[in-house]
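Visitor: Just so you know, the protein sequences line up as chains A and B, in that order. Here our numbering is used: the first residue of the first sequence is 89, the next is one more, and so on. Here our numbering is used: the first residue of the second sequence is 584, the next is one more, and so on.
Honestly, the hints are just simulated from the structure, not real lab data. Check before you lean on any hint, since a few could be wrong.
[Unchecked claim] Calculated Cβ distances over 10 Å to all of chain B for the following chain A residues:
#1 E109
#2 E116
#3 P157
#4 P208
#5 A255
[As the list claims (entries may be wrong)] Chain B is nowhere near these chain A residues, computed Cβ spacing over 12 Å in every case:
#6 G168
#7 A189
#8 G297
[Stated by the list, open to error] With the Cβ distance kept under 7 Å, some of the chain B side facing chain A (calculated, not the full set):
#9 E617
#10 E638
#11 G642
#12 P646
#13 R647
#14 I648
#15 E650
#16 S653
#17 G804
#18 P805
#19 L857
Where a beta carbon is used, it is the ideal one built from N, C-alpha and C, also for glycine.
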Amino acid sequence: MAEAIWEVSAAGAVPIRAEAEVVRNVSEGPSSWRLVLRVPSWPGFRPGQFAMLSAGAQQAARRTDPLLPRPMAVYRAETGVDGAEVEILYKIAGRGTALLAEALPGQRVAIVGPLGRAFPPPRSGERVIIVAGGTGIASVYELAARLAGAHPVEILFGARTASDLMALEDFEALKIPLQVATEDGSAGVRGLVTDLLESALEASAPGSGRRIYVCGPTAMMRRCADIAAENEVPCIAALENAMACGFGVCLGCAAPLREGGYALVCRDGPAFDAASIDWERLP
Amino acid sequence: MKQSQAVDTTVDLGGISLRNPVLTASGTFGYGTEFAPFLDLRRIGGFVAKSLTLEPRVGNPPPRIAEAPSGMLNAISLENVGVEAFISEKLPAIPEGVTVIASAFETDIDRYAEVCKRLTGVPRIAGLEINASCPHVKSGGIEFGQDPAVLGQLVRTARQATSLPLLVKLSPNVTHIGEMARVCEGEGASGISLINAVQALEVDPETRRPLLANGLGGLSGPAIRPIALRMVWQASQAVSIPICGIGGIGSAADAVKFLLCGATAVQVGTSNYLQPSIAADVADGLVAYAERHGIPRIRDLVGALEFPGR
Numbered sequence: 089m090a091e092a093i094w095e096v097s098a099a100g101a102v103p104i105r106a107e108a109e110v111v112r113n114v115s116e117g118p119s120s121w122r123l124v125l126r127v128p129s130w131p132g133f134r135p136g137q138f139a140m141l142s143a144g145a146q147q148a149a150r151r152t153d154p155l156l157p158r159p160m161a162v163y164r165a166e167t168g169v170d171g172a173e174v175e176i177l178y179k180i181a182g183r184g185t186a187l188l189a190e191a192l193p194g195q196r197v198a199i200v201g202p203l204g205r206a207f208p209p210p211r212s213g214e215r216v217i218i219v220a221g222g223t224g225i226a227s228v229y230e231l232a233a234r235l236a237g238a239h240p241v242e243i244l245f246g247a248r249t250a251s252d253l254m255a256l257e258d259f260e261a262l263k264i265p266l267q268v269a270t271e272d273g274s275a276g277v278r279g280l281v282t283d284l285l286e287s288a289l290e291a292s293a294p295g296s297g298r299r300i301y302v303c304g305p306t307a308m309m310r311r312c313a314d315i316a317a318e319n320e321v322p323c324i325a326a327l328e329n330a331m332a333c334g335f336g337v338c339l340g341c342a343a344p345l346r347e348g349g350y351a352l353v354c355r356d357g358p359a360f361d362a363a364s365i366d367w368e369r370l371p
Numbered sequence: 584m585k586q587s588q589a590v591d592t593t594v595d596l597g598g599i600s601l602r603n604p605v606l607t608a609s610g611t612f613g614y615g616t617e618f619a620p621f622l623d624l625r626r627i628g629g630f631v632a633k634s635l636t637l638e639p640r641v642g643n644p645p646p647r648i649a650e651a652p653s654g655m656l657n658a659i660s661l662e663n664v665g666v667e668a669f670i671s672e673k674l675p676a677i678p679e680g681v682t683v684i685a686s687a688f689e690t691d692i693d694r695y696a697e698v699c700k701r702l703t704g705v706p707r708i709a710g711l712e713i714n715a716s717c718p719h720v721k722s723g724g725i726e727f728g729q730d731p732a733v734l735g736q737l738v739r740t741a742r743q744a745t746s747l748p749l750l751v752k753l754s755p756n757v758t759h760i761g762e763m764a765r766v767c768e769g770e771g772a773s774g775i776s777l778i779n780a781v782q783a784l785e786v787d788p789e790t791r792r793p794l795l796a797n798g799l800g801g802l803s804g805p806a807i808r809p810i811a812l813r814m815v816w817q818a819s820q821a822v823s824i825p826i827c828g829i830g831g832i833g834s835a836a837d838a839v840k841f842l843l844c845g846a847t848a849v850q851v852g853t854s855n856y857l858q859p860s861i862a863a864d865v866a867d868g869l870v871a872y873a874e875r876h877g878i879p880r881i882r883d884l885v886g887a888l889e890f891p892g893r
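Whenever a hint applies, use it, and build me the whole structure from the sequences.
Guide: As structure tokens, this is what we get:
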């Protein structure tokens with residue numbers, strides 16, 4: 089098990105850029121994929137950090153379409169004697185991820201990472217509720233793994249339908265309480281994961297403090313931010329805006345702030361205090 | 584750049600001495616330090632920093648970027664830290680030995696001149712590039728670089744405001760690029776940089792709305808490269824001041840094309856996002872190209888295009 093508490097600072101580990109070798113790239117359901125990349129070196133990562141991935145860029149015919157790399161949460165990583173293996177969970181959602189799904193073992197995928205500001209760790213004794221929607225689950229595995237055993241922690245996982253639930257077995261292996269909600273009722277309770285959050289907050293006493301971490305669709309994160317504010321519980325949201333570079337240069341991933349102006353999801357996030365985001369103006 | 588006794592990579596870009604002709608384009612390279620984890624900035628000829636205004640500037644609402652075939656649209660609106668913060672905070676963080684070209688941008692000519700003056704005499708700044716692709720408020724939002732008279736006034740004013748080598752970054756959104764290039768040369772520009780992003784629109788058919796919150800954006804990336812090559816070539820036929828070629832450069836072969844079309848140097852732009860060490864690879868690849876072709880000086884390639892019927 090990785091160390092339980094991690095440092096959060098703007099100056100994290102220096103990211104790498106590599107032509108990673110595809111070790112494994114397998115479908116786990118109708119549109120869920122698990123990709124394992126081998127990189128020659130890896131500086132480690134903190135929960136919530138991401139990497140930029142470009143599939144097919146190193147083929148003989150240099151690919152320019154789709155042009156931009158795709159930001160993907162680092163699901164987990166394992167350092168060995170000759171480099172490291174970095175694991176990514178994704179769904180085919182468009183042209184970039186469709187191309188990624190075609191990458192065969194032995195082929196190369198360009199990676200830049202780890203990038204971004206991690207989830208801040210909970211305070212000592214805080215009860216943690218992790219809320220994930222759809223592919224947002226990929227952003228919170230490392231968080232859950234590092235907190236398991238060190239903090240009281242539970243996971244609420246929502247999706248449209250049972251086949252959209254990714255990596256359930258990994259979370260079950262962490263042996264932390266897990267509740268599932270699907271919109272069509274095909275797994276877990278029928279309804280929204282935000283309903284589970286309201287119930288979880290009702291059921292738990294404020295005690296020595298509670299903290300919510302959330303990653304998922306914008307509407308779902310916004311609702312979680314509202315619920316957290318109503319209950320006066322701190323809430324950290326991992327945003328997933330489109331971006332071109334991932335390291336603070338293109339300025340494409342701007343997230344509007346309630347105090348005015350913008351933060352960059354790649355540099356100032358992806359983890360933000362949910363109360364600092366102007367959800368109304370976030371597309 | 585690789586050690587090479589055979590190939591002379593140096594170029595003179597309108598009074599800016601470059602160790603090799605590969606620069607990075609303003610707006611795609613931040614303030615330089617963002618790329619420190621990925622490449623040694625001394626491997627490239629230099630970089631053009633993000634365009635600066637007198638005051639810090641906040642950008643457009645999101646979405647600010649969208650993908651296009653082999654390209655991307657952006658409408659950032661030139662968000663930047665402002666000229667003072669650049670001088671006091673950003674510039675000192677850039678390693679010694681890196682050639683820095685500052686970029687100026689404003690919405691009226693007097694303010695342009697102020698930015699140029701403020702950047703003049705600052706140690707470490709080797710040259711100035713003025714961005715002529717922004718909307719001119721007094722002309723009703725038309726770009727400075729779209730009206731020869733306004734462009735001429737801008738270049739004249741900037742030329743008077745600074746003693747630094749002065750590059751003018753031209754808008755591609757014009758009918759006769761050669762005419763605009765001649766205006767710059769006539770008003771004393773040291774060189775011209777082209778092309779800036781091509782004005783473009785991308786649409787979501789489901790929502791019936793533009794993909795960008797701003798509506799229009801600028802198209803960049805490999806999609807615009809043939810347009811850029813054509814405009815660099817046309818400009819090179821019109822003027823004798825040096826040209827810095829920009830537009831979808833992602834390899835040494837791409838850079839060679841621009842040199843052949845008359846560019847003295849090139850700027851790598853959007854490709855920096857995809858592969859943050861690409862500019863150094865382009866510089867290395869130019870040496871390999873010159874060695875392969877037995878060319879002693881990279882600058883011998885400038886304008887060596889064998890155009891039919893000429």
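Visitor: Determine for every hint whether it applies to the structure shown.
Guide: Hint-by-hint comparison with the structure:
1. E109: 17 Å, holds
2. E116: Label holds. Min Cβ-Cβ 27 Å, cutoff 10 Å.
3. P157: Violated, since 6 Å does not exceed 10 Å.
4. P208: 23 Å, holds
5. A255: Holds, since 28 Å exceeds 10 Å.
6. G168: Correct as stated: the minimum Cβ-Cβ distance to chain B is 23 Å, above 12 Å.
7. A189: Given a closest Cβ separation of 18 Å, the condition holds.
8. G297: 33 Å, holds
9. E617: Holds. Min distance 5 Å.
10. E638: 14 Å, violated
11. G642: 6 Å, holds
12. P646: 5 Å, holds
13. R647: Constraint on R647/B satisfied, holds at 5 Å.
14. I648: 3 Å, holds
15. E650: 6 Å, holds
16. S653: Where the cut-off is 7 Å and the nearest Cβ of chain A is about 4 Å from S653/B, the hint holds.
17. G804: This hint holds: G804/B lies near chain A, its Cβ roughly 5 Å from the closest one there, short of 7 Å.
18. P805: 4 Å, holds
19. L857: The hint holds - L857/B has a Cβ within 7 Å of chain A, the shortest such distance being about 6 Å.
Violated hints, in rising order: 3, 10; the structure is consistent with all others.
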